[in-house]
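Residue numbers (my numbering): 2 to 134.
Each hint should be verified, as a subset may be incorrect.
Claimed, not checked - List time: in silico DMTMM-like cross-link candidates among lysine to aspartate or glutamate, alpha-carbon distance up to 20 Å:
#	residue 1	residue 2
1	K47	E76
2	K32	E66
3	K29	E133
4	K32	E13
5	K44	E98
6	K42	E133
7	K57	E16
8	K29	E98
9	K42	E126
10	K115	E40
11	K115	E66
12	K79	E13
13	K44	E6
14	K42	E13
15	K57	E76
16	K57	D37
17	K83	E66
18	K57	E98
19	K57	E40
20	K115	E10
21	K57	E9
22	K79	D56
23	K79	D63
24	K79	E128
25	K115	E68
Keep in mind that the hints were calculated from the coordinates and are not lab data.
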Amino acid sequence: MEIIELTEELIESAEQRSAGQPYPLFVKNLKAIGVDNYEVKVKNHKRTYTSVNGDKLIIAGDLPEFECAETFELEEVKAAIKRNQDGLTDYPTFLREIGAAGIHTYVADLTGMKVIYQGPNSEYEYEEMIPEV
Numbered sequence: 002m003e004i005i006e007l008t009e010e011l012i013e014s015a016e017q018r019s020a021g022q023p024y025p026l027f028v029k030n031l032k033a034i035g036v037d038n039y040e041v042k043v044k045n046h047k048r049t050y051t052s053v054n055g056d057k058l059i060i061a062g063d064l065p066e067f068e069c070a071e072t073f074e075l076e077e078v079k080a081a082i083k084r085n086q087d088g089l090t091d092y093p094t095f096l097r098e099i100g101a102a103g104i105h106t107y108v109a110d111l112t113g114m115k116v117i118y119q120g121p122n123s124e125y126e127y128e129e130m131i132p133e134v
């Protein structure tokens with residue numbers, strides 16, 4: 002696979018191609034441009050993308066900042082994810098809901114095809130597989 006340098010424009014292009022589509026299609030578009038994983042800071046949407054060759058691209062947060070809860074509530078995390086998957090919430094609402102349930106960061110592992118939702122410390126996390134498309 003050709004190694005492509007990650008740029009903010011390239012990520013935005015993948016986001017635009019995936020707009021209104023299920024999340025696994027966004028993952029497929031990111032993998033096609035050489036993204037191995039990405040991390041999202043829930044409180045402000047700051048994203049760090051890592052390419053398959055280890056290069057990193059940091060995109061500043063673009064949503065109003067809020068405080069994430071310090072109490073990890075697994076069932077609320079699962080419910081917020083399900084609402085978003087079912088199209089009942091937009092992405093900013095999804096971030097606020099998982100933040101209120103104690104998620105501070107999530108990592109999308111595109112090689113392992115899973116999302117790891119991380120709470121206020123390493124003992125609190127929840128993993129969900131990303132379906133292949």
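Against the 20 Å threshold, does the CA-CA distance of K79 and E13 hold or violate the hint? Not satisfied, since the Cα-Cα distance of roughly 27 Å exceeds 20 Å.
Measure nothing beyond the straight line between the CA atoms of K57 and E76; if it is 20 Å or shorter, mark the hint as holding. violated, 33 Å
Take the C-alpha atoms of K57 and E16, compute the straight-line distance between them, and say whether it is at most 20 Å. Since the Cα atoms of K57 and E16 sit roughly 18 Å apart, the hinted pair holds (cutoff 20 Å).
Decide if the proposed pair is consistent with the structure: K42 and E133, CA atoms, cutoff 20 Å inclusive. violated, 25 Å
Given the hinted pair K42 and E126, is their alpha-carbon gap at most 20 Å? Answer holds: K42 to E126 is near 14 Å, not above 20 Å.
Given the hint that K79 pairs with D63, test it: the Cα-Cα distance must not exceed 20 Å. This hinted pair is violated, its Cα atoms lying about 25 Å apart.
Quick one, are K115 and E66 close enough, alpha carbons at most 20 Å? violated, 26 Å
Holds or violated: K29 and E133, Cα atoms, limit 20 Å. holds, 8 Å
Keeping to a limit of 20 Å between CA atoms, is the pair of K29 and E98 held or broken? violated, 25 Å
Regarding the pair K79 and E128, is the alpha-carbon distance no greater than 20 Å? holds, 10 Å
Holds or violated: K115 with E40, Cα cutoff 20 Å? Holds: K115 and E40 sit about 12 Å apart, inside 20 Å.
For K32 and E66, compute the direct alpha-carbon distance and say whether it is at most 20 Å. It is violated: about 28 Å lies between the C-alpha atoms, which goes past 20 Å.
Of the hints listed earlier, those the structure fails to meet are numbers 1, 2, 6, 8, 11, 12, 13, 15, 17, 18, 20, 22, 23, 25, in rising order.
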